[in-house]
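*Asks:* The primary structure of each chain is shown beneath.
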Amino acid sequence: MDFKPSPERQILFDTLKKYFENEYSLSDRNIAAHSDLGYSKKAWEAMRDLGILESLIDPELDGFGGTALDISTVFEALGRGLVVEPFLEVGILAAKVLSRGNDAQKSLVKKTLENECLPILAHSERDTEYSKSYVETKLSVEADGSYKISGAKRMIKHATEATHFLVTCRNTGDASSEEGISIACIPTDREGIKIDSFATIDGGRVSDLTFTNVSISSEELVGELGMSYSIVSHAIDTGILAICSEALGIMERIKELTLEYLKTRKQFGVPIGKFQAIQHRMAQLLVEIEQARSSVINATIYFDDETEREKTISAAKFSIGKIGTLVAEESIQLHGGMGMTWEYDLGHYAKRLVLIDHEFGDEDFHLQKYISL
Amino acid sequence: MDFKPSPERQILFDTLKKYFENEYSLSDRNIAAHSDLGYSKKAWEAMRDLGILESLIDPELDGFGGTALDISTVFEALGRGLVVEPFLEVGILAAKVLSRGNDAQKSLVKKTLENECLPILAHSERDTEYSKSYVETKLSVEADGSYKISGAKRMIKHATEATHFLVTCRNTGDASSEEGISIACIPTDREGIKIDSFATIDGGRVSDLTFTNVSISSEELVGELGMSYSIVSHAIDTGILAICSEALGIMERIKELTLEYLKTRKQFGVPIGKFQAIQHRMAQLLVEIEQARSSVINATIYFDDETEREKTISAAKFSIGKIGTLVAEESIQLHGGMGMTWEYDLGHYAKRLVLIDHEFGDEDFHLQKYISL
Amino acid sequence: MDLNFTKEQENFQIEVRSFLNDNLEPQVVEKVKNGIPITKEDSERWHQKLNEKGWLAGTWPKQYGGQEWDVVEKFIFEEECGSAGAPRIVPFGVGMLAPVLMKFGSLEQRDYWLPRMLTGEDWWCQGYSEPGSGSDLASLKTSAVRHGDYYIVNGQKTWTTFAQHANMIFCLVRTSNEGKPQEGISFILIDMNSPGIEVRSIITLDGSHEVNEIFFSDVKVPAKNLVGEENKGWTYAKYLLTHERTGNANVAVSKRKIQKLKKLADDAKKNEQPLSNDPMFASRLAQIEIDLQNLEITNLRTLASVENGEAPGAESSIIKILGSEIEQDIDNLTRKSLGKRAFVNEPDALSAGYNGAEVFPKAAAYASGKYFNHRKKSIYAGSNEIQKNIISKLMLNL
Amino acid sequence: MDLNFTKEQENFQIEVRSFLNDNLEPQVVEKVKNGIPITKEDSERWHQKLNEKGWLAGTWPKQYGGQEWDVVEKFIFEEECGSAGAPRIVPFGVGMLAPVLMKFGSLEQRDYWLPRMLTGEDWWCQGYSEPGSGSDLASLKTSAVRHGDYYIVNGQKTWTTFAQHANMIFCLVRTSNEGKPQEGISFILIDMNSPGIEVRSIITLDGSHEVNEIFFSDVKVPAKNLVGEENKGWTYAKYLLTHERTGNANVAVSKRKIQKLKKLADDAKKNEQPLSNDPMFASRLAQIEIDLQNLEITNLRTLASVENGEAPGAESSIIKILGSEIEQDIDNLTRKSLGKRAFVNEPDALSAGYNGAEVFPKAAAYASGKYFNHRKKSIYAGSNEIQKNIISKLMLNL
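Residue numbers (numbering that gives the first Met the number 0), protein chains in the order written: chain A, 0 to 372; chain B, 0 to 372; chain C, 0 to 397; chain D, 0 to 397.
The shape of chain A in the complex, shown without the other chains (with noise of 0.2 angstroms):
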């Protein structure tokens, strides 16, 4: 029995965690997130040239990691940083997309680790609907072979500087059903595309997209004609192992800050650590984010484990949702009008921490699919 990261991951966290730490400032980082882009560039190909990408694509496809402990360990040094940059949405939905694709749709995953361009999967629609096979968006067979998309995709971050969209659409099935599902990976320029984008509250650009009779050529689909749902179904999978693991850098930083806090700050002559009732609500808070830890790390263990994957993970990103917004609110708490500010770190993190329950599911979503299951 080992919990340990092998040495290279270990360096690779390492490596991150001090980039981290002394490159990616956070009030820099707040000024890209609430730009109109959403993020920096420049950030992005810094980091990108830390080899982070890299490390979340498979060696077959000129990464150098990929697997669930690649990933499980990099995002929680991408949580500790608070990055914004895509990537979750590059470097796992894209990418684990594109690598069930052709030749010319594996290559896009080459290029992004060259910054030549920049996939995102269009496939949340309705607001409330977390299951991952909800697709209303609909695909229709033209007389020539060819095909028309017209949908609506919603809430998809970062899609106003891509250059391709993956987007899932059905030409059979009802809204839920698995099957009829079918991915098309196409240019962002071609004709029928509509962004409209919106600010986030903790940081990056959202958009909802129409696709208005958008035109499909048969080798612009990825995977077969409605049968893609499992592709779709595995790269959201490890989207959502990635933000739990983003989850936790984020609790361990907001951990650091708190603990430093409650040292320092002073009320009625002692620092405020030293009040009991809040010893007891910090030691609670440091029993659930271990209880938060090990959900993670039973998701990744079973990460490849088919009949296992999806109940692990709903676990996870269960305990994460309902850990993560007590150590948002909690932390907060104890840190009084501090934690209220703009300007300290701890809010920028309390706020990704709990948007992280929106993402792929909430807490009530993947207790239910836990049941389900």
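Hints in this document: simulated from the structure, not taken from any laboratory. A hint or two may mislead.
Stated by the list, open to error - Under 8 angstroms between C-beta atoms, here's a sample of chain A residues computed to sit facing chain B:
| id | residue |
| --- | --- |
| 1 | Y18 |
| 2 | N21 |
| 3 | Q275 |
Unchecked claim - BS3-like, lysine-lysine: derived pairs with alpha carbons at most 30 angstroms apart:
| id | chain 1 | residue 1 | chain 2 | residue 2 |
| --- | --- | --- | --- | --- |
| 4 | D | K73 | B | K262 |
| 5 | C | K73 | B | K3 |
| 6 | D | K73 | D | K376 |
| 7 | A | K137 | C | K361 |
| 8 | B | K310 | C | K6 |
| 9 | A | K262 | C | K140 |
| 10 | A | K262 | C | K376 |
| 11 | D | K140 | B | K273 |
| 12 | C | K392 | A | K273 |
| 13 | B | K310 | C | K140 |
| 14 | B | K273 | A | K254 |
Using N, Cα and C, we set each Cβ at its ideal position, and we do this for glycine too.
Assemble chains B, C and D onto chain A, guided by the hints.
*Replies:* What follows is chains B, C and D alone, placed relative to chain A:
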């Protein structure tokens, strides 16, 4: 606006409170509550002499009370005393049912005041079905116009000493249907009745009853054939109001006991009530208990309002169930080992408080019911 | 036990309701209902309308332009305002400073300052907290040293709500370092336009600007602006805090927010059913509704005892805790009910002149922002931890 | 990261499983699974079987009859015992006193007392807590005064588990009132049959008898029964507590209990559907299952770090808190799942010779009793509040 009880009710409450403090020792109560009889006949008589039963009964049936406010006031006092004698079963459940019966049945209520009979409602069936309309017990109509009852009743308190059973049964409809429910009032020595009795964790014997082809005459029905759901429903709602009020009295006693313990028990050289972590937990309990009281007041206010009664009753029973368990568990924890002992009062109050959640529907049941209304 | 209003109280309720109906501006109500800040001008127009009716300071004595409302009338007025979505009366002048001046101020101070609160000539803010003195307010350091007819004030205040709008501030300052910290504090009124005052914005985590830091460097304050006696300010401050803490239940506002949340949940779909039908959502919502219903009674019980002449003790701490937590629960569930849409933060989408993409549902434009902003509710006005200390001391005698 | 057992560990697991399968008595297993106390004789027969196999004290050195199990082997053995429903090894001798004697006892003490633990000649109990000294153990007052070759012991111990079965007790006693309270404590072994010892039962709120009070009046104890040095007992006690606190996760037992609860919920009906389908019940159960799954990993992580040579610090406090609370959650939900049947308290219905009415489901005979009895789990062995103090001190450095 005025939340004070009327002077008469205040006097009644104060009289009862003083009586329980001085005359109803908890150690005697515990011996009686866990005896083969399950209560003390002596205490039952002494308390009836005080007029407690009359205070629960309408004036037209020779009582001098019976309103929602009377019942709430008296049962809070009974809760403070942890009274195990069958006031709920006789003074509320049986009396409310019989008051809707024919003259002979009404006269049974008057006879309870003279201690000449002890009627018990036999309604509850399957352990986890809390619905008021759940009745499987069959009523069959015989050729001569008389009836026969067959079925099983479960967890009937104080059944072993009963002189009459008020048995709910149905001749038509599904097990949960509100239509088709009748009530038969029969002497307990009627042929075909079997009683299996058990000790309980909170005091008082509880019994499973089996009815096998028990003969009933048509005059023994309370209300009309198949039309008695509203009678049962009102009696049980009154019972819920009563035990919610009982729970308030118990919680007040637990609060007093716990506060006294926190002030006198010393560890590390100071009373443990000086530890802030404990203070904050106790303050939280106080907040919760105030909310529990408000829920019962709300149910009392709306009790005679047909459109609001069930909703406010469910809200109160939910609040009492949730808060009661919290108060029981926290007060035991705050007492440490002392809270675990038979010899000390607290544990007995805690047990009754938790078990109240198992009578007439638990917190989950009433939350679901609240949602459905 | 009698929960009904008297006939007079009922009539008053009808009068308030019809006044609100006739006088509230719809575009301001929409901002209030969506939880986004209203402008200074919005507030001022509303204050003026209330003042014309004599209701801006309803609890004041008639001699100063009030109605001498009792607790129940005040409650009725506030609840009706809450459910109608009226802007909250900015409390620092009429609600907080005024009672102090009436009890401890000089005749000149009362005659000069009170009318100006009603006309809106002064916009007051409150200078209590300092960077090192939050829960431990008595440790405050901002000093006022007497030089002839003036005090010279140096130091820093923080978390000052609406200082950006204010022309006056009432401050707790240190005038003595002798004895216990509480014994060297004075209560003083300072013109925000005095030389040496600098106001810096504090942006909160949701990006909004409500609170500020204020720096005082050798600020000259006329000695006649001292309220009551020197070094007795702590007594006045405690008096004010007791006033501040009543009426925090916010039941009407929370009820209004629950109605809005129910509407959201009816319109949203989960598993292709209305979200309101989802058992977990329904259970969360029902629990909040029941908590709120219970709080309504708890609050009325406190009011009734005040009406019967009993002083509100730690009961107001109970209500502060419950009121803040229930409102936070509603904000939390509202955020959850929006699903992925909760990422959006476009408060401007609720104002005129917004030309970005339409946010739908509209409530989503600031729902997460409001959720985070309202974490303040359990922190300010005496954090809920401080309230538990008070309960522990006053009601439990621990 | 590697979560697998080695081949040797796997083989050991198989061996344990088959041993349990061959040697456990079904009627004892049934008692364990229903949570009712087993008799002294049940324990003794099981100890003897384990001793014959050499597994009664598996972690002991081979020279004393142990197997020198490492933490993983100990874990495997305990988890297999837990899931099989084996009686717990009574810990006071082999698990608690033995490590102290091995580290701090004299050669004579080790050679005399250790073998008797294995053969069952001695049944030990633990004399730590006193009426005034629970969480604040160092304040204990029971005194031992040296008179020649004897100590004379006076005082009172409480919460002494199984004192009614024991013929020996190891005690913390006060031998000095100088210096800090911790500095005057000694560790001594006392024959329960000594004149001047009186044992009184403490009945717990569920009506069962596990713990006792012990009164010492001028009890003569041979001086050779002092362990280690006089006044150094606190060091030995802390060493023992560290030992006591490992392995509290109880994952296998909790898993077994969850299986049983699921069966109950499948058989019970609510709204004429299996209770397991009720969304509120299902949600409560799933949350406990996930907590337990997480605890299993948390526990393994702690084991792995011990295996890698790191000392378990406050991690064992985390595991104590979680292990006790999760087991309490299961007991709580089991009680709830029984509906009205939870009123019943007939533990004897699970024993031979019961002739009352049949309790159905059988688990109901003691489910509420067990729920109340298990409230002790967050109180004993260092209350969960004390564990939070430890976490706060050791891991948070507050």
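*Asks:* Let me make sure I understand: some of the numbered hints might not hold for this structure. Which ones are they, in numerical order?
*Replies:* Result: hints 1, 2, 4 and 13 break, sorted rising.
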